[in-house]
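**Q** Sequence:
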Amino acid sequence: MIVEGRIALITGASSGIGLALARLLAAKGATTALAARSAGKLEQLASELAGSLAIPTDMRDGDAVRRMVEVTYKHCGRIDILVNNAGRAMHTAIAQADLQEYRYLFNLNVVGPLQAMQLVAPLMKKHGGGVIVNVSSGTTLRTLPGVGPYSSSKHALNNLSKVARMELAADNISVALVYPYVTATNFGGGANAPGPARPGVVPDTAEYAASLVLEAIETEHEGTYAAKTAAWLTPKS
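Under our numbering, the final residue of the sequence shown carries the number 239; numbering is consecutive throughout.
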């Protein structure tokens, strides 16, 4: 899809990958609707990007997700691009995983994006199609200790996305996945950044990860991978 002149709804837009993506899309001529919990950060970004719309949204709240889509559609007249970027990490061993935190994680990483897709798809169909990009994780490409709860939520998002790609193709709606590597953001309260538990890990920048999302929008490929996650797909000889 050519993004110039398009309406793009981005969740998790107040920081990290979402913020970098909003700037990239605006620079390419798209109008951005920005959703995140932090109203102050959203307003600051909206003031920077001409014509953008700030919609404070908690993706765990079904009413808030519905309002996000309704406000965007009412204000912009259509939604051409949906990027489900909002999410949270959870790094813990299975035995120590807090079930309440996991429910929170699953609602944010899976249920919220699913609802957003359900609400946006009919609107895209009405206007001839669109592109949905769901931001997954490179952890779904390997079996790694310490990320079971988080990775399982992203595996669920992967399967929903792949099925949605099949089911929505007839409506000219493309559903794509992006698999970032560890990214230098405050995602998960810093859980996604290198630290004592991740010696030698050199994170990608948020700008690089955002460029992958832009690539997914423009090419509409089923999967777009960071260079380091793509390397995981090649078996070692």
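Note that these hints are calculated values from the structure, not bench results.
Heads up, a few of these hints could be off.
[What the hints assert, rightly or not] Keeping only pairs whose Cα atoms sit at most 27 angstroms apart, straight-line, the calculated BS3-like set for lysine-lysine is:
1) K30 - K127
2) K76 - K30
3) K30 - K128
4) K164 - K127
5) K76 - K127
6) K164 - K230
7) K43 - K128
8) K76 - K43
9) K30 - K43
10) K164 - K128
[Claimed, not checked] Label-pair distances were calculated between CB atoms; the ranges are:
11) P147 - K76: 42 to 52 angstroms
12) E72 - D100: 31 to 41 angstroms
13) L101 - A52: 36 to 46 angstroms
C-beta atoms are modelled at their ideal positions from N, C-alpha and C, and glycine is treated no differently.
**Q** Look at each hint and say if it fits the structure.
**A** Quick rundown of the hints versus the structure:
Distance hint between K30 and K127 is fulfilled; the C-alpha atoms sit about 24 angstroms from each other, no more than 27 angstroms. Pair hint K76 plus K30 holds up; C-alpha atoms about 23 angstroms apart against a cutoff of 27 angstroms. In summary, the hint linking K30 to K128 is supported, as the alpha carbons are separated by about 24 angstroms, within the 27 angstroms threshold. Distance restraint check for K164 and K127: the Cα-Cα separation of roughly 18 angstroms lies within the 27 angstroms cut-off, and the hinted pair is therefore satisfied.
Under the criterion of a C-alpha separation no larger than 27 angstroms, the hint pairing K76 with K127 is consistent with the structure, at around 16 angstroms. A C-alpha spacing of about 22 angstroms is found between K164 and K230, which places the hinted pair at or below 27 angstroms, so the restraint holds. For a cut-off of 27 angstroms, the pair hint linking K43 to K128 is broken: about 32 angstroms separates their Cα positions. Proposed proximity of K76 and K43 is supported: the alpha carbons are some 23 angstroms apart, at most 27 angstroms.
Of the pairs offered as hints, the one joining K30 and K43 holds, with about 22 angstroms between alpha carbons and a cut-off of 27 angstroms not exceeded. For the suggested pair K164 and K128, the alpha carbons sit about 22 angstroms apart, so the restraint of at most 27 angstroms is met. Range check, P147 to K76: about 46 angstroms between beta-carbon atoms, so the 42 to 52 angstroms window is met. At about 34 angstroms, the CB distance of E72 to D100 agrees with the hint of 31 to 41 angstroms.
Evaluation of the 36 to 46 angstroms hint for L101 and A52 yields a pass: the beta carbon distance comes to about 45 angstroms.
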